[in-house]
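> Here is how the chains run, residue by residue.
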Amino acid sequence: MTTMIDATLTKRYAGREVLRAATLRVESGSVHALVGENGAGKSTLVKIIAGIVPADGGTLAIAGASRALARWDRRAARAASVGIVQQHGAFAGTLSVVENAVLGSEGGAMLDLAPVARALAKLGDEIGLPVDPWARADRLPLGVAQRAEIVTALYQGAKLLILDEPTAVLAPVEVDGLLATLRRLAKAGTTIVLVTHKLDEVRAVADAVTVLRAGETVARIEAARDRSIASAGDAGTTWPPSLDVRAIARAMVGADVPAGDKIEAPAEVAPVALALAKVGVAGALHDVTLEVRRGELVGIAGVDGNGQRELALAIAGLAAHTGRVRIGARDVTGAAAARRLAAGLAYIPEDRHHGGLVLDASVADNLALGRRDITGAFRIDRARVATFAAERIRELDVRPPDAHAIARALSGGNQQKLVIGRELSRPALSAVVAAQPTRGVDLGAVARIHDQLRAAARAGAGVLVISADLDELLALCHRIFVLLRGRIVGSAVERAALGALMTGASG
Amino acid sequence: MKRELEAAAIALLASVAIGSVLIMLYGQSPAHVWWQMIARTFSSEYNVGQVLFKATGLVLTGLGVAIALDAGLFNIGAEGQMVAGLVACACTGTALPAGTPAVIAIPACALAAAAAGGAVGALIGGLRVWRNANEVITSIMLNEIVAAVALAIASRYIFANGTTTGLPIAPGAEMPDLGMAGSAANGALVLALLLAAALWWLRARTTWGQALRTVGADAEAARSVGLGVGRVRVLAMTASGALCGLAAVNFVLGDRHAYEQSAGAGTGFFGLAVALLGRQHPAGIVASALVLGLLTSGGLVVNDLIPKDLTTLLVGVVVLAITCASAFVRRTGG
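In order, the protein sequences belong to chains F and V.
Under our numbering, read the first sequence as residues 1 to 507, first letter to last.
Under our numbering, read the second sequence as residues 508 to 841, first letter to last.
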């Protein structure tokens, strides 16, 4: 077997070493998982290999040829057949899929898109990732856009395909499909590097695993030799006992992962914290009626793009809706976001980069954003903000523990902790709406965020968790409803039944 | 903070370099021209006063543009809002009875100027928020409309017969000169500095300032924490217009004590450069206003060496340089 990637890389951001001679060796034609906690440097490592971010030092060999890091940029990486699908997508929103596919390689003044579109559609069908080449990129749901990006990378001739947390935006069935596709691609000779937090995915698909911790490679674990002939379904059986998932998890966090337990369900008579009556959003959400009682965690499951986004926005008062919304005893129908928050709502938006945080503001400012109870009504009480920030940083173990750090410099998991810390510390909390609270967040941070959501419920709030991650909902929620095409199609508390509801299989 | 200074310094150095090339092309020695500009300015109290006079107007329009920029709005209409302020200020000043005391006359004229500028700003903000009309387009177009309306009002109510100079304002409304060798520098400078200090405090230390900058940095995030994005934008544009309108205090109540067609012309546009070069920070704006004041006034004192238009051109170069420099500083990281 030849080696596709052999890298030892160092990278500093603002004087902080995010990669310290981190090594990554990937065999050609294999699926290689790159795992590690948020902030471990996974994304930085793959971005350097894909030529998106320059390295500060080290060596890089792609397909056996040593590459000069000083001249290693996206163009060079693309010429070396390195494709990448990034966490937040890289398509130009106003262009169609096919236009994005030829972007940067047009090769002349005239565009002839039709043959490219045909090739994309054909390629997509062949590998089981159907795409509509003429769809505008910003109109595609996240999962579909990602599919299109994968097909585009392969169309552009990628022999090495890097996927940065691809399953974060997918429903369980979609995840299974994607993993099966990755196996097929590897079998056909494409090398896959899969950046992920989810160890069951690693177990299902990877030939080898590299574990990063705090910018260093702490483990490289290979599956048994017969791994490549095993199908994805019974993958677990091919792992040697010494290389089980817990071993990888231990390597990631340096300790055993604490498994949170479901908190006790509240009594039937507990007062209602959040009530929705026939809530609808034009074209996206229809007749959603549900109640969350105080102390209860209720989940909303569903494949991405089935109205989850609109449901969260409607409850938060950020989208015009029909029907009625009640928070605690207050009817907030028609009220603006500010009044709903004042009525005891905490709102965790689904995308921390768009709506959750002001990325260029400091950690402290983000924690106190809009929190007049902390800042004061007019003159900002800076001492109080500093104390508040220090408390939240300690409580949530934000890294680095620096209130003056700019939010943009934090890893995804630590950024999400800021949103969680700000929202769940609101006084007189009645209801919590958490949309995708742990999307793209590492194991350690997931555990912490889940603990916070449980603590909010225990303290008497009704928590509505909207998530594409079924494991998350199963671990947290007392009741789980399924959204399909904007309607609640049923509720269940075990995986198979939920899966059936999500795909509409149960009628 | 350090990076902001870096960006401004890079921009300034680049502008001086480009200016030097232009001076050379004109056939003069750059070193000689720059030196003369500084030497002649600082050797004469009158010239220093003229720099302060120009800077006063620039501080006010610079603050105005900056407050809109904080909210993520690009106010190209500073010039028009200033003109609205000039006319309103002059109308009030001439309408006041001759015996009005200064404590009433000056605030009345200043408020009229702020209200007129603010009204134009509010219109731009309102169109943006409720009609989703791009403020760059509406503000630039309103410049022309305001100029025409101002001329119509001035020729009907203010101009002395057959001239483009207005009747003198009530004596009580006259802003006292700073007494710098007969230069135009006047008490409006104090007003401008006080407003800069007040804005620094509002911006850095209050929830209003935080809301303003949050809306500018990420409107989506502002919405999700319950800030009224539309209201903040309209208020920011209103305040922006009001500050630009207040520049009238410098040009009408100070200096000539009368309205003059094209008084302070260009101060609104240069305010854009001041806000950008000052990185929207009030202290930076005061410093940039002094630098650009020196350039514009200095252009006149070396008029025998280079044409005055060269300094106007240089201000344009500053805007280009600061825009490039901030991108450069951002890319290279901290």
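It should be emphasised that the hints constitute simulated quantities derived from the structure, not laboratory data.
Among the hints, erroneous ones may be present.
Listed below are the simulated DMTMM-like cross-link pairs for lysine to aspartate or glutamate, each with C-alpha atoms no more than 20 Å apart in a straight line [unchecked claim]: (1) F:Lys159 / F:Asp138; (2) F:Lys262 / F:Glu222; (3) F:Lys262 / F:Asp287; (4) V:Lys509 / F:Asp176; (5) F:Lys159 / F:Asp125; (6) V:Lys509 / F:Glu222.
Listing some non-contacts, in silico: residues in chain V with all C-beta distances to chain F over 10 Å [what the hints assert, rightly or not]: (7) Trp542; (8) Ile611; (9) Ala615; (10) Leu630; (11) Val656; (12) Asp684; (13) Arg720; (14) Leu734.
Built from N, CA and C at the ideal position, the CB exists for glycine as well.
> Which hints, by number, does the structure contradict?
1, 2, 3, 4, 6, 13 and 14
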